[in-house]
Amino acid sequence: MKTNKIYKITFFAPLVCLTLSVLSSCSSGDVKADLVVFSNIYTAENENNSEAKAFAVKDGKYIFVGNKEDAKKYIEEGKTEVIDKTDEGLIIPGCTEGHAHYFDGTGLSNQLIGCNQSYEEVLVTLENEFKNNHITQFVSFGWNTVSLMEKRAKGYNFADEIESKAPGIPVVLIDNAGHAAVCNKTALAKAGVSKENPYVRGGAVDLLKDGTPSGYVGDQAVFYLTDKAITRPLNDTQYRNACKYAQNELLRYGYTNALDAFTNMYDPTGLYEALKKMDEEKELKINVAECYNIKSFDSKIYKNKVDEVADIASKYSSKHCNPGYIKLFADGVVESGTGWISHSYTKYEPGKEHGNIIWEEPELDAIVTYANSKGLLIHTHSFGDAACTAMIDSYLNSNTINKKQFRNSLGHVRNIKTEDIVRCGENNISVAANLIWHYDYSDNDPAAKEVKDKVIANVGKDYYYAGYPMKSLVDKGVVVSSSTDAPAAMDIEGNILNVLEVATTGQAYNNDANPFNVGELLSIKEALKALTINGAWQLGLENERGSIKVGKYADFVILDTNFLNYEGAKLKTIHNAKILNTYFEGEKVYSAQI
Numbered sequence: 364m365k366t367n368k369i370y371k372i373t374f375f376a377p378l379v380c381l382t383l384s385v386l387s388s389c390s391s392g393d394v395k396a397d398l399v400v401f402s403n404i405y406t407a408e409n410e411n412n413s414e415a416k417a418f419a420v421k422d423g424k425y426i427f428v429g430n431k432e433d434a435k436k437y438i439e440e441g442k443t444e445v446i447d448k449t450d451e452g453l454i455i456p457g458c459t460e461g462h463a464h465y466f467d468g469t470g471l472s473n474q475l476i477g478c479n480q481s482y483e484e485v486l487v488t489l490e491n492e493f494k495n496n497h498i499t500q501f502v503s504f505g506w507n508t509v510s511l512m513e514k515r516a517k518g519y520n521f522a523d524e525i526e527s528k529a530p531g532i533p534v535v536l537i538d539n540a541g542h543a544a545v546c547n548k549t550a551l552a553k554a555g556v557s558k559e560n561p562y563v564r565g566g567a568v569d570l571l572k573d574g575t576p577s578g579y580v581g582d583q584a585v586f587y588l589t590d591k592a593i594t595r596p597l598n599d600t601q602y603r604n605a606c607k608y609a610q611n612e613l614l615r616y617g618y619t620n621a622l623d624a625f626t627n628m629y630d631p632t633g634l635y636e637a638l639k640k641m642d643e644e645k646e647l648k649i650n651v652a653e654c655y656n657i658k659s660f661d662s663k664i665y666k667n668k669v670d671e672v673a674d675i676a677s678k679y680s681s682k683h684c685n686p687g688y689i690k691l692f693a694d695g696v697v698e699s700g701t702g703w704i705s706h707s708y709t710k711y712e713p714g715k716e717h718g719n720i721i722w723e724e725p726e727l728d729a730i731v732t733y734a735n736s737k738g739l740l741i742h743t744h745s746f747g748d749a750a751c752t753a754m755i756d757s758y759l760n761s762n763t764i765n766k767k768q769f770r771n772s773l774g775h776v777r778n779i780k781t782e783d784i785v786r787c788g789e790n791n792i793s794v795a796a797n798l799i800w801h802y803d804y805s806d807n808d809p810a811a812k813e814v815k816d817k818v819i820a821n822v823g824k825d826y827y828y829a830g831y832p833m834k835s836l837v838d839k840g841v842v843v844s845s846s847t848d849a850p851a852a853m854d855i856e857g858n859i860l861n862v863l864e865v866a867t868t869g870q871a872y873n874n875d876a877n878p879f880n881v882g883e884l885l886s887i888k889e890a891l892k893a894l895t896i897n898g899a900w901q902l903g904l905e906n907e908r909g910s911i912k913v914g915k916y917a918d919f920v921i922l923d924t925n926f927l928n929y930e931g932a933k934l935k936t937i938h939n940a941k942i943l944n945t946y947f948e949g950e951k952v953y954s955a956q957i
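Going letter by letter, the sequence shown gives residues 364 to 957 in the working numbering.
Do not rely on the hints blindly, as some may be mistaken.
[Stated by the list, open to error] Distance ranges between label pairs, derived from CB positions:
(1) T594 - N411: 55 to 65 angstroms
(2) D923 - E444: 12 to 22 angstroms
(3) V881 - D923: 21 to 31 angstroms
(4) E410 - S736: 33 to 43 angstroms
[Unchecked claim] In silico DSSO-like links for lysine-lysine, alpha-carbon gap of 27 angstroms or less:
(5) K678 - K639
(6) K737 - K663
(7) K839 - K780
(8) K528 - K572
(9) K591 - K678
(10) K421 - K639
(11) K607 - K645
(12) K591 - K528
(13) K824 - K839
(14) K824 - K780
(15) K951 - K448
(16) K812 - K514
(17) K494 - K591
(18) K666 - K553
(19) K395 - K416
(20) K517 - K710
(21) K558 - K528
(22) K448 - K941
(23) K941 - K888
(24) K888 - K780
(25) K663 - K678
(26) K416 - K448
(27) K737 - K678
(28) K678 - K666
(29) K607 - K640
Hints are computed from structural coordinates only; laboratory data are not their basis.
Values in this document were obtained by computation on a predicted structure and should not be read as measured data.
C-beta atoms are modelled at their ideal positions from N, C-alpha and C, and glycine is treated no differently.
Between the sequences and the hints, there should be enough to build the whole structure, so can you do that?
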């Protein structure tokens, strides 16, 4: 294993097979394959030569990529498995989810009680659990923020209502995007949030007319409540089951690599421990990069927190799990008026004309420098254009030697400025772009239209419609990976087929909304590159994964439809394709139930 101090490179096992920098295949001789596949193949390699018709796999790695006749030489009768889909469907490399919450979101919601219910439904669940099972705390997430906006605007007392359902125990109910929560009086008291002390650094605490907290909190105040009021909510078995469930979801969607963007929502090490044990027992069939979120209310002890992450990275690293990432929230979200933007919101709270600026810029500079010096990488939530500028400044202000070797990355980048796009391209700053968010809110859905109208009124029409660049990033040489942010944005499932359709058409198969910012749409191959080799690059895996090439691990996805040359209206049918199989290191790890 390499001794490079950068955890991203250290902990994902480097390529140890034959070095084949020039040849596209091995000479067959007496070498026979475990698996030979014939099909239409997109390799994600050289732009001018990115297709093949066959490949051969041995010991989990590609030993041949090329034409069908030459591939036949690697077949040993009775021993080599052959998948013959000549001129059928399409095979692509295993894909990368560049920023999502499958382990800390989808997986945990499968184990926690009351998740993904409406606010009214979760109150019933809470009351029943308190009366019948004598629970001592309650945490869930998944309710729709929009559904409570009217109550919130009228100064509703959530704290008292929730307290009445389960008096005396802390209750925190987090919304489906992770940027807002409602809680009871006991949780507020346990966290020390009160009429006398309502302030949380980087967060929002709504107050009633008499100055007492209403129970509605936003941004960093959400994490403050979970940190201070909630203890470890799951046992070891439940964390393990959460990881298994998340892994299965990713594999059925065509992903073999994923960056999990917030591992310590409820406790510091539960997911890390589960993932390492799964890997040791050969149950981890996906590469996972895990992000430890350092909260702004811990700004005075940021060095201690970075040291804690370095210890976690050292303790829990394994072949397929890289715990060497720190997640920072640079801002909130534009939709709620908490994204950090350069011009003023039309409607704003005094002192927050530009959104919820969670960190001061010198703090960002200091934490990036110290984290990189420890070999840790930074991945940020940067929604507004000002947040993107601040984070890029911090990446470039880092005092670390050889800064370009550190693939610090940005997530979301809504409305990122042209000059900042150029800086990303010139300085190896990758962007996990929201390829799946390029559809407009539907005007035929009253609730969606209400959100859209409020956002436009707050930020201006030009700013609204300039959101979420893709093509501009690609054209300026930025390494763009794909992010769905699931389950925070699950109105469209985050599988690779839906990502490809929205990224190329600006329309979603289950939504009648108009295309969004059409000048930023990608071609099929540009979108596939973001999903495959670019995603692998973001995670430091491009020398061993992300494309179909001799010497790399055989991670690939078998699709029933070849849409590689689709154009125009045909692109709107991509969602009709099916993911038949996902392979990881030559092993079939997902099969569709046809």
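Going down the list of hints, with the structure as the test:
| no. | hint | result |
| --- | --- | --- |
| 1 | T594 - N411: 55 to 65 angstroms | holds (56 angstroms) |
| 2 | D923 - E444: 12 to 22 angstroms | holds (19 angstroms) |
| 3 | V881 - D923: 21 to 31 angstroms | holds (29 angstroms) |
| 4 | E410 - S736: 33 to 43 angstroms | holds (37 angstroms) |
| 5 | K678 - K639 | holds (9 angstroms) |
| 6 | K737 - K663 | holds (18 angstroms) |
| 7 | K839 - K780 | holds (12 angstroms) |
| 8 | K528 - K572 | holds (23 angstroms) |
| 9 | K591 - K678 | holds (25 angstroms) |
| 10 | K421 - K639 | holds (26 angstroms) |
| 11 | K607 - K645 | holds (12 angstroms) |
| 12 | K591 - K528 | holds (21 angstroms) |
| 13 | K824 - K839 | holds (25 angstroms) |
| 14 | K824 - K780 | holds (16 angstroms) |
| 15 | K951 - K448 | holds (16 angstroms) |
| 16 | K812 - K514 | holds (19 angstroms) |
| 17 | K494 - K591 | holds (24 angstroms) |
| 18 | K666 - K553 | holds (26 angstroms) |
| 19 | K395 - K416 | holds (18 angstroms) |
| 20 | K517 - K710 | holds (17 angstroms) |
| 21 | K558 - K528 | holds (22 angstroms) |
| 22 | K448 - K941 | holds (15 angstroms) |
| 23 | K941 - K888 | holds (18 angstroms) |
| 24 | K888 - K780 | holds (25 angstroms) |
| 25 | K663 - K678 | holds (25 angstroms) |
| 26 | K416 - K448 | holds (10 angstroms) |
| 27 | K737 - K678 | holds (14 angstroms) |
| 28 | K678 - K666 | holds (18 angstroms) |
| 29 | K607 - K640 | holds (12 angstroms) |
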